[in-house]
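Trainee: Residue numbers (the working numbering), protein chains in the order written: chain A, 1 to 65; chain B, 1001 to 1065; chain C, 2001 to 2065; chain D, 3001 to 3065; chain E, 4001 to 4259; chain F, 5001 to 5259; chain G, 6001 to 6259; chain H, 7001 to 7259.
To be clear, the hints were calculated from the coordinates, so they are not data collected in a lab.
Any given hint could be a false lead.
[To be verified] Cross-link-like lysine to aspartate or glutamate pairs, in silico, EDC-like; alpha carbons within 16 Å at most:
(1) D:Lys3002 <-> D:Glu3047
(2) G:Lys6076 <-> A:Glu55
(3) F:Lys5076 <-> C:Glu2053
(4) F:Lys5076 <-> C:Glu2047
(5) E:Lys4076 <-> B:Glu1038
(6) G:Lys6076 <-> A:Glu23
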Amino acid sequence: MKITVNGATYETGAVTLAALLSELGHDGAVVATAVNGEFAGRASRAETMLRAEDEIEIVAPMQGG
Amino acid sequence: MKITVNGATYETGAVTLAALLSELGHDGAVVATAVNGEFAGRASRAETMLRAEDEIEIVAPMQGG
Amino acid sequence: MKITVNGATYETGAVTLAALLSELGHDGAVVATAVNGEFAGRASRAETMLRAEDEIEIVAPMQGG
Amino acid sequence: MKITVNGATYETGAVTLAALLSELGHDGAVVATAVNGEFAGRASRAETMLRAEDEIEIVAPMQGG
Amino acid sequence: MAGFYGIDVASRFMIGTAGYPSPAILGEAIHASGAEIVTVSLRREGAGGAGQAFWDLIRQTGCRVLPNTAGCKTVKEAVTTAQMAREVFETPWIKLEVIGEDDTLQPDVFALVEAARVLTDDGFQVFPYTTDDLIVAEKLLAAGCEVLMPWGAPIGSGRGLNNPYQLRTLRAHFSGVPLVVDAGLGLPSHAAAAMELGYDAILLNTAVAKAGDPVGMAAAFRDAITAGRAAFEAGPIEVRDMAEPSTPVAGTPFWQGAE
Amino acid sequence: MAGFYGIDVASRFMIGTAGYPSPAILGEAIHASGAEIVTVSLRREGAGGAGQAFWDLIRQTGCRVLPNTAGCKTVKEAVTTAQMAREVFETPWIKLEVIGEDDTLQPDVFALVEAARVLTDDGFQVFPYTTDDLIVAEKLLAAGCEVLMPWGAPIGSGRGLNNPYQLRTLRAHFSGVPLVVDAGLGLPSHAAAAMELGYDAILLNTAVAKAGDPVGMAAAFRDAITAGRAAFEAGPIEVRDMAEPSTPVAGTPFWQGAE
Amino acid sequence: MAGFYGIDVASRFMIGTAGYPSPAILGEAIHASGAEIVTVSLRREGAGGAGQAFWDLIRQTGCRVLPNTAGCKTVKEAVTTAQMAREVFETPWIKLEVIGEDDTLQPDVFALVEAARVLTDDGFQVFPYTTDDLIVAEKLLAAGCEVLMPWGAPIGSGRGLNNPYQLRTLRAHFSGVPLVVDAGLGLPSHAAAAMELGYDAILLNTAVAKAGDPVGMAAAFRDAITAGRAAFEAGPIEVRDMAEPSTPVAGTPFWQGAE
Amino acid sequence: MAGFYGIDVASRFMIGTAGYPSPAILGEAIHASGAEIVTVSLRREGAGGAGQAFWDLIRQTGCRVLPNTAGCKTVKEAVTTAQMAREVFETPWIKLEVIGEDDTLQPDVFALVEAARVLTDDGFQVFPYTTDDLIVAEKLLAAGCEVLMPWGAPIGSGRGLNNPYQLRTLRAHFSGVPLVVDAGLGLPSHAAAAMELGYDAILLNTAVAKAGDPVGMAAAFRDAITAGRAAFEAGPIEVRDMAEPSTPVAGTPFWQGAE
């Protein structure tokens, strides 16, 4: 189904947020996630079902001032 | 009855705000009034009945910056 | 003879400073003069004899700050 | 004779600047001297004869900014 | 001409009426200032009716009045005071002050924006006394204000422009909006500097009222405000780090001697 | 009234005549400035006789002229230039400039003091363009100068008052001496600030001549100088660190609510 | 020792990690700064996993991290970003930025206070990036903030302290509250001046990261911050208008000659 | 490393020895300052021989001494005092002060240049305490001085840099000459700012000696001077009028939300 990942359209086969992260190669990576603007904690990823049109944010540590 | 006029306790015989102003010698004076923190317009003074404990403000033009 | 007028070499037939001013068309003009760095007042121009190599300044009013 | 030492009148029996320093207890002290406003170097003290009215400065190291 | 809520005024000086040595000096100072707008206030009226005489004096000046809500510390107080002022002074104009702190008399920008919204909805034309905060300014405009009055420095401090950079930034962002520097100025040079930044007008009181000679100082500010505006319109020179001769160098006598 | 060598003038603005877009604009700017004293210079006269027309223009203004020695770098040049100026302009007044360095056009105070002495002995009335150095100022007075003209900043820089502290110190030390801030100002607020310090007059040129609208800027400086002087005479308020209400607190409505 | 939410730190310098020429130079600069607290951010992670390497680098510094919400313009964005940061960086600390305007990156103080309340209620320890507004500061404290971080000037401008008066006022009002000047500094003298006012710490990034030699500049700010704090504690002399000899006058040679 | 007359020093802080609460605190303050050069003076010696103990204390510090001519008001006094100092302190170095006025302790630049010439011809290595006058500086160099020490502000005033523009101009003109800001500083941020301008060293006394804690303040100035020099060498960022995000914008979460 079509979702948006980090602002770009993305076609995924993943059913859960956890699966999406694996699909994107983020297994074991230090990342945080939000679904449709709401924080989705690590513990909840496996139960977080994806829906078409979902807007997913996947963020990682980066330089900041 | 006992009311408060401009922050000071005051014993009045007046029944209306208009009467209070007369009693205080403000007839024809350029003043504005508030009752219990609400603006009471000139037109409404005659119908504005006073109640014990009312807090009346009577203000006039004064210097300002 | 060869003299310098306002910083430029000049060949003149004039014998006096007054004559030089006439030769240069400054008759009646509001100008002041110096010869070899010394002020030469209006009254002295007729007696001021020119010598070869003399450095003459002829100045007039101009804008200033 | 009467001389001035560091701005104050002083009656001395000393004949030379060196003798005056001894008389004042400055033997071996780190001091410099001037006579009548002129510097008088250490080497010259023994030959420096005092005269009445002489103005002697005797200075030593002191705090400074 | 400056314009506020559709009213054009020739003078860019708004003057306060408080704290003068005498009513006579107040009247002369207003006259000397050339101001067409004066700020006034409301105070509790006693038996003496002191307010009536003051009001007569102000009316005789022929100036338009801008009532303030000085001393108000809550939205409610400010709104009710504004309503009383509108009835007494018969004007929709209100200089909105909601003070948040007593040492600096700094505006409470939260209450200020809310009160501005309430009053604008009620038909007032609000002149908000505010800080130099750009975002607050945007919210005041969104609330319906058509004039902004950022402070130069705390009221009565006489410090001048505490943050010229921020005032310049405000001017650049709100090119279409009438901006008035209100409060904190002490000297005419402060007022001229504000006008040179492109501000539309100056509102002040203490610097004139408490001067040794209030009438003379009123005239001084009048001239400085005129000067600052004229300079803004005339286009000042650029600041340079090096000197540049004003008198032309070409033709200097003894030129070679100068080499 | 300010006075220089016994001449009283109503205007405290001395304006330079160099670098204007046109003679017509120069004339209008002088008129707008209200100046009674204008600075002029001497330059080498060519066949065209350009200087004659300029001189006619200046004479028509009716202003008193203050000739300068701009561009002179030695005592000898300055003295001879002054002597030529006295004959041409028929005045004992001379604005004495002896420039020591080309980037800042800073006065050479050593040559300045010597030239001032020579010229004073020769009967000149010297207006020395100097720095803000107190000791130099004393030597200029000792040399016979009865006016001092310290710089605000380098000529033409438009920076304003680079060292207000030192200018204030000069004013305090020479309370009886006419002091003129000469050069470096860019904005009317700079001129007002100098006058607020108690200076007697302002001399400037570039800030007006090179402005987008020289005539408008001349009027702006005129008003700012008037304002600054008036403020000095009117007695400004003290600067305060804390705020002070201009509108009286007593009698504020809802007082208890404010507690 | 300065303390923030119960954590004591010996260094009063918090340094940003953005915009350095290379990760190696970032590492060296952090080391040279002596900082124990570094600011970090969250950005969208791509396939490359760039964030992981950065995170390893930061962990190796042994510094405590202060994640920011840079770029957020609404309460919602800031809150969600903070929640993601808490999970990733495993800290309740958050440098709360809610930007209201792009040219000045000025905080939106309305959204800032609301977000601070929401985050504090959610257990965060908030370091709010705010203006120098006293009333806003009070509301942030009321919202549960135990630190305030007013700006010196707009982020990255390098202007220094735009309004020292207001910063001094803030310090005076909140004597018990840790105050950090965050953003706008360009030179070590700016940082020293802020510390001399009694501020508890300095947070900056651009002035170091974009310097010609970031490592050298990090050390420079480290020393200036130490110096400013030491001066505050040592009790500076009063400013005087007149001079006072440092070398004692008594006993000067040739004394009478000096009379 | 800074160098003066061929002597290299690691510390850019020259500290005065006058006016400390006690000799012990003086010793500790010198130690804390890290200074390698201390200024000293000569005073009339009484029977007690007070000078001898002071001299022992200074010798124990191991610092190089720079004797001054403080209090001298004529060339003659300064020259003789310098000659006495050379014999007593066994150094050709002399900090040349010729004071022209008592309220500001401003140098008499005329006497200063003459005394500098006399002393240089006599083999002294002169450190002239001067103003920020460019032409005077040139004359001092022509007289043989290889170091210049312009004032920041009047001695003991603690005002900082009264005229940064002029100090910057001096630095630009004499790029090869060691320049030391001498006198007038009150805070470490003042010293850092002078060093950021590219000055080679700072000489001060009162700001340390009269501080509440002279030893702490000596360390504060030491660090600020180090910081200012390091910043000068590291290449500071340009000042900008607008803000620039330190944290990169690219990859901000909720990007579309931010549009």
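Trainee: Check the hint pairing Lys3002 of chain D with Glu3047 of chain D against an upper bound of 16 Å on the C-alpha distance.
Mentor: Not OK: Lys3002 of chain D and Glu3047 of chain D at ~19 Å, beyond 16 Å, violated.
Trainee: So if I understand the rule, the pair passes when the alpha-carbon distance is 16 Å or less; does Lys6076 of chain G with Glu55 of chain A pass?
Mentor: holds (15 Å)
Trainee: Is the Cα-Cα distance between Lys5076 of chain F and Glu2053 of chain C 16 Å or less?
Mentor: With a Cα-Cα distance of about 20 Å, the restraint between Lys5076 of chain F and Glu2053 of chain C is violated, given a limit of 16 Å.
Trainee: Does the alpha-carbon distance linking Lys4076 of chain E and Glu1038 of chain B stay inside the 16 Å limit?
Mentor: Answer holds: Lys4076 of chain E to Glu1038 of chain B is near 9 Å, not above 16 Å.
Trainee: Verify the proposed pairing of Lys6076 of chain G with Glu23 of chain A, using a straight-line Cα cut of 16 Å.
Mentor: violated (28 Å)
Trainee: Given the hint that Lys5076 of chain F pairs with Glu2047 of chain C, does the C-alpha gap stay at or below 16 Å?
Mentor: violated (23 Å)
The structure does not agree with the numbered hints 1, 3, 4, 6 stated previously, though it agrees with the rest.
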